[in-house]
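Asker: So the protein lines, in turn, are chains A and B.
Quick note: the first sequence, position 108, residue 108 per the working numbering, numbers continuous.
Quick note: the second sequence, position 142, residue 142 per the working numbering, numbers continuous.
Derived from the structure by calculation, the hints contain no laboratory data.
Ideal placement from N, C-alpha and C gives every residue a C-beta, glycine not left out.
One thing to keep in mind: the hints can contain errors.
Okay, the calculated beta carbon distance ranges per label pair [stated by the list, open to error]: (1) B:L13 / A:N94: 46 to 56 Å; (2) B:L63 / A:K96: 38 to 48 Å; (3) B:S31 / A:D102: 35 to 45 Å; (4) A:K96 / B:P97: 24 to 34 Å; (5) A:K96 / B:R37: 18 to 28 Å.
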Amino acid sequence: MNCLTLHTELHTYLIIGAFLFAIGLYGIFQRRNLIGMLISAELVLAGASVNFMAFNRFLAPDPTVGQIFTLFIMGIAAAEAAIALSIVLAVYRNYKSIDTEDVQDLQG
Amino acid sequence: MNCLFSTDGLVGLIFLVLLGATGVGAVIAVSAARLIRAVVGLLLAFIGVAGIYYFLNSPFVALMQLLIYVGAIGVVIAFAVMLAEPRPEDEINPGSPFTGVLGFLTCGTIFAGLAALALKTEWQAAAGKTNNGSMEAIGNSLLTNYSMVFELISIVLLVAIIGSLVLARAGREKS
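Only chain A is shown next, with the shape it has when bound in the complex:
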């Protein structure tokens, strides 16, 4: 096993994708405020994109499909970030806080 030829292996990319996904999920569990959770969600999306690109490079018969899918993931992620951040700003204006424990009017 040679460290310097790792970039020719499909497994390397799949594992780094799985790592980004898992650490993003951990961040979503762990973070106590809304922007931190959004940052972690972006990591999850990056992991999915790396997976698509890896399969596209090594396995797919048409090597444009994965690239186009990744471009669409980027578009959706941009839309998601814009909407989520304006929701965060609306929450901040109403509660003067973006900590998840302060936003609990419906908790009963």
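For this one, chain A is given, so just place chain B on it according to the hints.
Answerer: Okay, now just chain B, sitting in the frame of chain A:
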């Protein structure tokens, strides 16, 4: 072990640096107590991912990753952090002490499962490739096979722009 100072060795070394940037950036992004540092970690991870895309024969997607994620989304999140002035993570009530441990165990299990799946499966490559995946081929596919999705994403982005303007403006009275 081939020589570190040959061209191939240098390429491999650059790839290892990119992997390291991605991993370290992701760890900073989920563990930094101050959110602005988490944003910087996220940007570092995105730069590493852009380099990984370059290694995957897709310079166009790598460039888009730098422009859209590192440029646009990074700046937007940094602005939101400045506008919302979040408290540092260590001043917030940490909640149940089991949350961190359970979350770590769950995500560690998921990572181990996915990694084992990736390593154990016999991946079958396609017999041949219909094109070389260059920027020209991407443009042709976008305007022929995938033109419908191309139109849909523009509608989604338009709705998202209008929606975020409406949401951010609501509740702000005229001065």
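Asker: It remains to establish, for every hint, whether it holds in the given structure.
Answerer: Tested hints:
Checking the proposed 46 to 56 Å range against B:L13 and A:N94 shows it holds: the Cβ atoms sit about 51 Å from each other. Roughly 40 Å separates the CB atoms of B:L63 and A:K96, a value that falls within the hinted 38 to 48 Å. At about 22 Å, the CB distance of B:S31 to A:D102 disagrees with the hint of 35 to 45 Å. In this structure, A:K96 and B:P97 meet the distance hint of 24 to 34 Å, their C-beta atoms being roughly 28 Å apart.
Roughly 23 Å separates the CB atoms of A:K96 and B:R37, a value that falls within the hinted 18 to 28 Å.
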